[in-house]
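Peer 1: Listed below are the residues making up each chain.
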Amino acid sequence: MAAAVTCRLSAAFCRQFQRVVTVSSYTQPQYAAQTIYKFQSCQQRAPVYSRALHTSCVRNGLDEFFDLPENWGEPTVKSGAPWTAKQLRTKSNEDLHKLWYVLLKEKNMLLTIEQEAKRQCLQMPSPERIKKVERSMKRLDTVVQERADSLRLLQTGQEKARPGAWRKNVFGKTIWYKFREHPIPWHLNTRYKRKRFYEPLHVAPYTRLSLEKHLKSKVRKERREKRQQEELAEIFPKKTAVA
Amino acid sequence: MRLTALLSMAAKAAFPHDYRYGTSRPWMVAARRVNPPGKKRRKVFVEPIANEDWHVLRGDTVEILSGKDKGKQGKVSQVFRHRNWVILEGLNTHYRYIGRSGDYRGTYIASEAPLLLKDISLIDPTDRKPTGIEWRFTEEGERVRVSLRTGRIIPKPVYQRKDGIIPQQWKDGPKDTSPDDALQKTYTPSLKTLEEEVMEKMNIQEDRRPRKSYWY
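First to last, the protein sequences are chains X and P.
Be aware that the first sequence starts at 1, since it is given in this note's numbering, and climbs by one per residue.
Be aware that the second sequence starts at 244, since it is given in this note's numbering, and climbs by one per residue.
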């Protein structure tokens with residue numbers, strides 16, 4: 001029965017649908033820089049896409065900003081589910097790289113449709129497609145970040161990609177100051193030297209007051225939570241037997 | 244970075260902590276009329292039910308235990324977890340006019356009122372009577388709802404998705420990836436970053452040395 005359960009789960013998984021073209025099967029890598037030549041010669045489209053497209057006239061790539069001609073004028077356009085992070089983690093870096101640009105172009109196309117619909121005061125067909133693409137891209141970015149983080153932790157032991165430090169700013173607050181990249185060292189940077197990473201004397205009383213405020217609000221919140229829980233327990237006594 | 248945070252804050256609808264959430268979404272016109280900003284209503288106490296203990300799902304057939312339509316069975320069409328509400332199709336209705344404009348009084352329709360969870364009871368499929376429910380694990384390890392009276396498992400209800408898609412009848416469009424391609428594993432872990440791998444595959448030779456920069 002466990003096998004049946006896993007079978008059912010994997011079958012449900014297989015029936016999932018993603019709204020991106022196949023990227024795993026290809027004969028030759030096609031790069032954005034080279035597609036310009038493709039359109040000029042009106043050849044068959046890159047084998048990255050699962051179906052062939054023949055353009056009748058040269059539009060210098062602008063037709064990628066528009067939907068497929070059979071969807072023009074439709075009130076709703078069918079689209080599948082977005083990519084999940086679990087599925088994206090099984091893909092190689094190269095596939096993810098390609099997928100990112102496919103999603104980006106799809107997003108540009110959808111945003112063009114949205115803007116045109118706004119211009120003509122009409123409703124955009126199936127606006128949920130933009131959200132799906134955005135979510136897919138966000139998850140892709142998360143997966144790439146995970147891989148980069150794990151590699152960095154393994155090789156250097158650093159947890160954060162961007163260097164920084166805990167510093168006290170001029171308002172007396174200790175903040176995580178994120179470093180920025182500069183072409184000149186700090187002792188030659190006059191603007192950086194004017195920044196004060198210490199608390200002036202007249203600010204010290206306010207730091208103490210803000211700490212008091214923070215502690216008070218924390219205690220008040222805890223007391224409020226406790227009081228609310230007691231009120232709820234009074235109104236809804238917990239039953240020993242499940243109803 | 245701070246600008247995007249500001250914009251996202253502006254875009255997100257913010258409500259006070261004592262906002263009384265109703266059946267309509269808080270940003271809709273009807274909800275804005277009932278709960279204008281600055282209005283304080285008497286606090287409603289909602290029984291805290293953990294996510295694991297919630298046993299009524301959308302599409303379930305339940306029986307009403309108290310109220311106007313006591314004893315009737317109906318299908319759950321909406322569940323509101325924030326108020327422990329359940330809306331059944333066509334039951335516990337009151338009548339109102341909708342779409343009023345000018346002299347036209349509007350359409351007279353029946354609108355369902357929400358029912359609290361304690362006035363609802365799931366139905367045992369064997370004898371079609373209301374019964375208490377408990378979450379138990381089967382021998383395979385699946386978590387199911389079990390009727391306390393007869394011990395029968397109550398299956399998860401089938402309910403059509405809001406976008407009208409039936410997964411069994413789905414046909415991939417031209418831009419959809421087929422399930423085999425989507426599930427195919429192409430990742431081989433390596434000690435190269437994404438940039439290095441992609442540059443290798445694309446035969447990009449980067450001979451330039453980055454200029455010395457200072458981080459502070």
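No lab work stands behind these hints, which were simulated from the structure alone.
Bear in mind the structure is a predicted one, so any value in this text is a computation, not a measurement.
Every residue gets a Cβ at the ideal spot worked out from N, C-alpha and C, and that includes glycine.
Take the hints with a grain of salt, since some may be wrong.
[Said to hold, decoys possible] Using 25 Å as the maximum straight-line C-alpha spacing, the simulated SDA-like pairs for lysine to any residue come out as follows:
id, chain 1, residue 1, chain 2, residue 2
1, P, LYS428, X, ARG152
2, P, LYS283, P, GLY333
3, P, LYS255, X, LYS216
4, P, LYS435, X, LYS173
5, X, LYS173, X, TYR198
6, X, LYS178, P, PHE323
7, X, LYS105, P, GLU439
8, P, LYS372, P, ASN327
9, X, LYS86, P, TYR459
10, P, LYS361, P, VAL387
11, P, LYS361, X, GLU234
12, X, LYS168, P, TYR459
[Stated by the list, open to error] To spell it out: a stretch of chain P is covered by chain X in this simulated footprint if at least three of its residues, at any positions, have a beta carbon under 8 Å from a beta carbon of chain X; those stretches are:
id, segment
13, 282-294
14, 414-426
15, 429-438
16, 449-457
Peer 1: For every hint, state whether the structure bears it out.
Peer 2: Now for the hints, and whether the structure bears them out:
| no. | hint | in the structure |
| --- | --- | --- |
| 1 | P:LYS428 with X:ARG152 | 24 Å, holds |
| 2 | P:LYS283 with P:GLY333 | 32 Å, violated |
| 3 | P:LYS255 with X:LYS216 | 29 Å, violated |
| 4 | P:LYS435 with X:LYS173 | 39 Å, violated |
| 5 | X:LYS173 with X:TYR198 | 9 Å, holds |
| 6 | X:LYS178 with P:PHE323 | 43 Å, violated |
| 7 | X:LYS105 with P:GLU439 | 24 Å, holds |
| 8 | P:LYS372 with P:ASN327 | 22 Å, holds |
| 9 | X:LYS86 with P:TYR459 | 37 Å, violated |
| 10 | P:LYS361 with P:VAL387 | 20 Å, holds |
| 11 | P:LYS361 with X:GLU234 | 17 Å, holds |
| 12 | X:LYS168 with P:TYR459 | 15 Å, holds |
| 13 | 282-294 | holds (count 3) |
| 14 | 414-426 | holds (count 12) |
| 15 | 429-438 | holds (count 7) |
| 16 | 449-457 | holds (count 3) |
Violated hints, listed in ascending order, are 2, 3, 4, 6 and 9; each of the other numbered hints is respected by the structure.
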